[in-house]
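Take the given structure of chain A and dock chain B to it, following the hints.
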Amino acid sequence: MKKLLSLTLAALMAVSMLSGCSNGSDNSSTAQNSGEEPTGTITLKVAHNMDFVTIPDAVLAAGERLNEKYAAEGKDLKIEFETDYARIDWGEYSNNLIFAQKNGEGPDIFSVSDLSSLVEAGMMLDISDLMTDDFVEGIYTPYIVDGKAYAMPFDLPVRVIYYNKAALKEIGWTDEQIEALPTQMANGEFTWEQFLDLCKEVQDKGAATWGLTHRPGAGSDFLDVFRTLGGEYYNDEGKLVFDSEGLQRFFQEIYDNANTTKITPQNLTQTTWDTINTMVGDGTAFAYYGPLYSATYVAGAVDKTPEQFAEDVGFAVFPVSEYNDTPFCIAAPQGMGINATTQYPEICKDLFRELYSGDSIDQLAHHADTIFTLSSVKAANEMEDIKTNPILEKVGYMADLSVTPPNVDGLTTYNNELYKQIQLLELGQTTPEQAVADMKTQIEINLDADLVEYK
Amino acid sequence: MKQNMRQKNMQAYLFLSPFLVFITVLYILPAILTVIMAFTSLDSAFIWKFNGINNFRKILMDPNTPIIAWNTVKYVGITIFLTVVLDLFFAIMTTYFIRDERKGNIFKSILMIPMITPGVVYSVLWLWLLEATPNGLANKVYMALGGSEPLNWIAQYPFVIIIAATLLTSIAYGTTVFSSAVKSIPENQFRAARVDGAGEWEIVRNIILPNLRFHITFIALWETLGLLTNYVTIMLITNGGPGVQTEVWALSAYHKAFSDSQYGYGAAISLVLIVVVMVLMLVIGAVMHHQEKSRS
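First to last, the protein sequences are chains A and B. Last residue of the first sequence: 526 in the numbering used here, with the numbers rising by one and none dropped. Last residue of the second sequence: 1123 in the numbering used here, with the numbers rising by one and none dropped.
The hints are simulated quantities; they were obtained by calculation from the structure and are not laboratory data. The structure displayed is predicted, hence computed values, not measured ones. Think of the CB as a built atom: it goes at the ideal place given N, C-alpha and C, for glycine as much as any other residue. Each hint should be verified, as a subset may be incorrect.
Here are the simulated DSS-like cross-link-like pairs (lysine-lysine), alpha carbons at most 27 angstroms apart as the crow flies [said to hold, decoys possible]:
no. : chain 1 : residue 1 : chain 2 : residue 2
1   : B       : Lys1010   : B       : Lys930
2   : A       : Lys271    : A       : Lys333
3   : B       : Lys876    : A       : Lys310
4   : B       : Lys967    : A       : Lys333
5   : A       : Lys236    : A       : Lys465
6   : B       : Lys876    : A       : Lys219
7   : B       : Lys876    : A       : Lys173
8   : A       : Lys449    : A       : Lys140
9   : A       : Lys420    : A       : Lys140
10  : A       : Lys310    : B       : Lys885
11  : A       : Lys375    : A       : Lys465
12  : A       : Lys236    : A       : Lys276
13  : A       : Lys173    : A       : Lys420
14  : A       : Lys333    : A       : Lys240
15  : B       : Lys885    : A       : Lys526
16  : A       : Lys276    : A       : Lys333
17  : B       : Lys876    : A       : Lys511
18  : B       : Lys885    : A       : Lys511
A few chain A positions that, by computed beta-carbon distances, are all more than 12 angstroms from chain B [as the list claims (entries may be wrong)]:
no. : residue
19  : Thr110
20  : Val124
21  : Tyr156
22  : Glu208
23  : Thr245
24  : Lys271
25  : Lys276
26  : Asp396
27  : Pro477
Just some of the chain A residues that point at chain B, by a computed CB distance under 10 angstroms [to be verified]:
no. : residue
28  : Asp160
29  : Ser165
30  : Phe170
31  : Ser187
32  : Ser188
33  : Val190
34  : Glu191
35  : Gly193
36  : Thr340
37  : Thr343
38  : Leu495
39  : Leu498
40  : Gln500
Extracted from the complex, chain A is given alone in its bound form:
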């Protein structure tokens, strides 16, 4: 039996190794990683997942510009692209990338998720030499593994607090007070505790049905409130932290919001995204926390233009609290990486260089403008597209308060377990103490001991 298992495994490994060796794009040119300068027409495969296709489209546009440059220089080189855009779960997308790689069909340039696995699978090219001053400081952090950068950030999407301006007006705030709120929250004059009181006041006075809402599924948005309450989920080395005390405070607040002050609907985790987007868009909910780019979905849910939406809704960073003395917003960039086995690593890097320091910066600005996010590249943030965007023009200051967490192994499992407890707490089916204990048990079982620091 042992022999049979060894044979089967050996065969499997041999097949995957053999298939993994043949990666490369179909082309009519000479290969670059052989040391020769490529000539002729080369085809690069570009893969992307989910809605924001302005990311890979920027790469394609940069390719056009590079082709023009090559032609002007009289260089015999033309880049063509083969695109593969998906709209599937990110985990499934990452699996598909690795399977394609093992079959020798991995894309040359691709949107990145679950970076650690892709690095471990040997799929990511080290692009540390592209980490220049052109980028907003610290924006590369999530793409660094063992000191090397493996993907280029294409944007700077921040997670913020949305609040409804009409509701504040209804409870007697002046326009000046309403417009000053984000500044007060950013400079420490208005605390998280005061904001929760405000949510309650708005609700009690009937200006909104609900005070505070959030996403209806597992995700990193909850970590922002956790951090506001002084919770820690990663340490200086980027290792996952299980902070019992912080979690206790966070769970208590989640429980209280749904069951004591009742500013959050108890049934929020059984509600669909459409319903929540509508609640935020039409003012049924006074406040919401999530990515700024969700504004595209929220505005869409209530048929509003960005201008109309910016009139009705304000955005603020997470303010100071009794347990946290630094206002912040978390930046979670979306990025693309280059295949470690691509035949054209330098051309792929040239494409990225063209995007952050060439004429194609405008493509990054266009992407940022389209999805309501700041850009990862400083020069793009100075462009008209971003400066005149009705939403972005008001949140430019957030770049200075943004914190970019590192790539944390095990965070997906942590987020899934956190969400299970949030669901039970809001329904009043567990206590904060029990939630901490149950989550700890699951983290201990599901994540290797060396991945987690317990405190």
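Frame of chain A; chain B shown alone:
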């Protein structure tokens, strides 16, 4: 004569071989891989590292394991019981009591609608029906009848809902099988019973049910296999929640493998299920064998 038989056998093997190849490639090989995977720490990097029986130790250590096992027993047991009872009820009503075959068939066709509706569409309909806000259809009806606040149906009655949703998709198959079985009962048995003065309930109890006993066993075991391995409806309606209140064994394997990217651990959970299913298949085989023997 012998050569003729051998030739016939060869022809049969030839016709069967494409299916055997398909089954080997699509089922047996993945099953072998699952067994191997269950002893590895395979994760999203897809690097095979053996970790002995660590995954099975994790299953035993997890305090959710007994809850998930009990959920599975409850889910399968209650659903099977209700499925068989309703299958019998509908089969007898539409075949024995409603003598007009056309009308009986119309009713059976209606029962088939949930079964032939794609799982995702079917589950989305349930979500829309039971949405926790006043926009949900169930809440609209509830509030029109005087309810003051919308109910959070899925959170309050998660188990009832997944059983009801599964039940509706299961009824048509058993009803069809039982209907055919009722039809195959010789008419003279009913006539003789009536001549002896038997009432309808006595006919059902003493003639129809005994004639259907092997069919009932078959449907119960067949549906059990399906319910043990099928988790799509639960995943789409409650996703195993709230917490792990509706997490069943197969869904748990899916969650560990595809939500947490712990493919090795997920495979170990699947392997336990495969063993249970194999035991059940042996039971089915024994029952069928016994049935054949009794008939002959």
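Self-check item: Hints breached by this structure
Solution: none
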